[in-house]
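Protein chains: 2
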Amino acid sequence: MDCEKISSGTCPVGRAVARVGDAWSLLILRDAGLGLTRFDEFQKSLGIAPNILARRLAALTADGLLERRRYNERPPRHEYVLTDCGRDYLPILQAIGAWGRTHFGDGSVVRLVDAETGAPVEPIIVDRVTGRALRDVSVRVAPPA
Amino acid sequence: MDCEKISSGTCPVGRAVARVGDAWSLLILRDAGLGLTRFDEFQKSLGIAPNILARRLAALTADGLLERRRYNERPPRHEYVLTDCGRDYLPILQAIGAWGRTHFGDGSVVRLVDAETGAPVEPIIVDRVTGRALRDVSVRVAPPA
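For the record, the sequence lines run as chains A and B. Numbering of the first sequence is given in my numbering, commencing with residue 64 and proceeding in unit increments. Numbering of the second sequence is given in my numbering, commencing with residue 64 and proceeding in unit increments.
Derived by calculation from the structure, the hints in this document are not laboratory data. Hints are not guaranteed to be accurate.
Just the calculated beta-carbon pair ranges, DEER-fashion [unchecked claim]: (1) Asn135/A <-> Gly181/B: 36 to 44 Å; (2) Arg131/A <-> His141/B: 45 to 53 Å; (3) Ala196/B <-> Glu104/A: 49 to 57 Å; (4) Thr73/A <-> Glu185/B: 40 to 48 Å; (5) Ser108/B <-> Asp147/A: 26 to 34 Å; (6) Asp199/B <-> Ala208/A: 24 to 32 Å.
Even glycine gets a Cβ: it sits at the ideal position worked out from N, Cα and C.
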């Protein structure tokens, strides 16, 4: 994929998927949203090869979704924390999870609940202004404003 | 990535990204949502190698996001049309686009408008029951119901 071309093109979907358009990056963000911060935590959760994990963490950090922080001086140890940009992606992952549950949820899948009330959370994507579910809105792409 | 393990695990995000967790698949779905149906249309839009495109279309068809239909008998020609499952993914792509526009939208990026009214469409992910923006809701994962 010509990531450079797509990451600077006029389509914001292309710009986004050039940054987080692979499954590992999405699962790393998911785990970061669940509170994981350390290399070995991600590795254990994902069963991912260390070199691949290191590359993905570096890319997500370079693109501004994660911030790399030193939490120990000797020996030097770093953790990875979601930035505002990365945190903004979490609702999308929740919507992806809802889609996965609807269409590929046979058998046992975990659920998302409100951390305070325990009530089930059901992500839906709406238009901010009208409140209409975007599933029901016919859209088209318009040139830049 | 051990797709087989993740695609049948208990996490619906994992199940989803095992199906559409790569940039090409996401861009193919985006283009299908914009009305493209034919192999050469996707190829031209994406600048993708034919063998990669063929593999992605076959995977999206096998996973039930696209339906392969014959539109010409002699010579045999097929088109790819979104299923309900694939169409359900489009609002997620619109939310991804909004995220891309917010965080990586420097310069000119296209906009999403209501096809009927021309009004700008601003995707936001909320909880269906409470209407609260999920960006502001603290969630946790609960075991299967």
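For which of the previously enumerated hints does the structure constitute a violation, in increasing order of number?
1, 3 and 4
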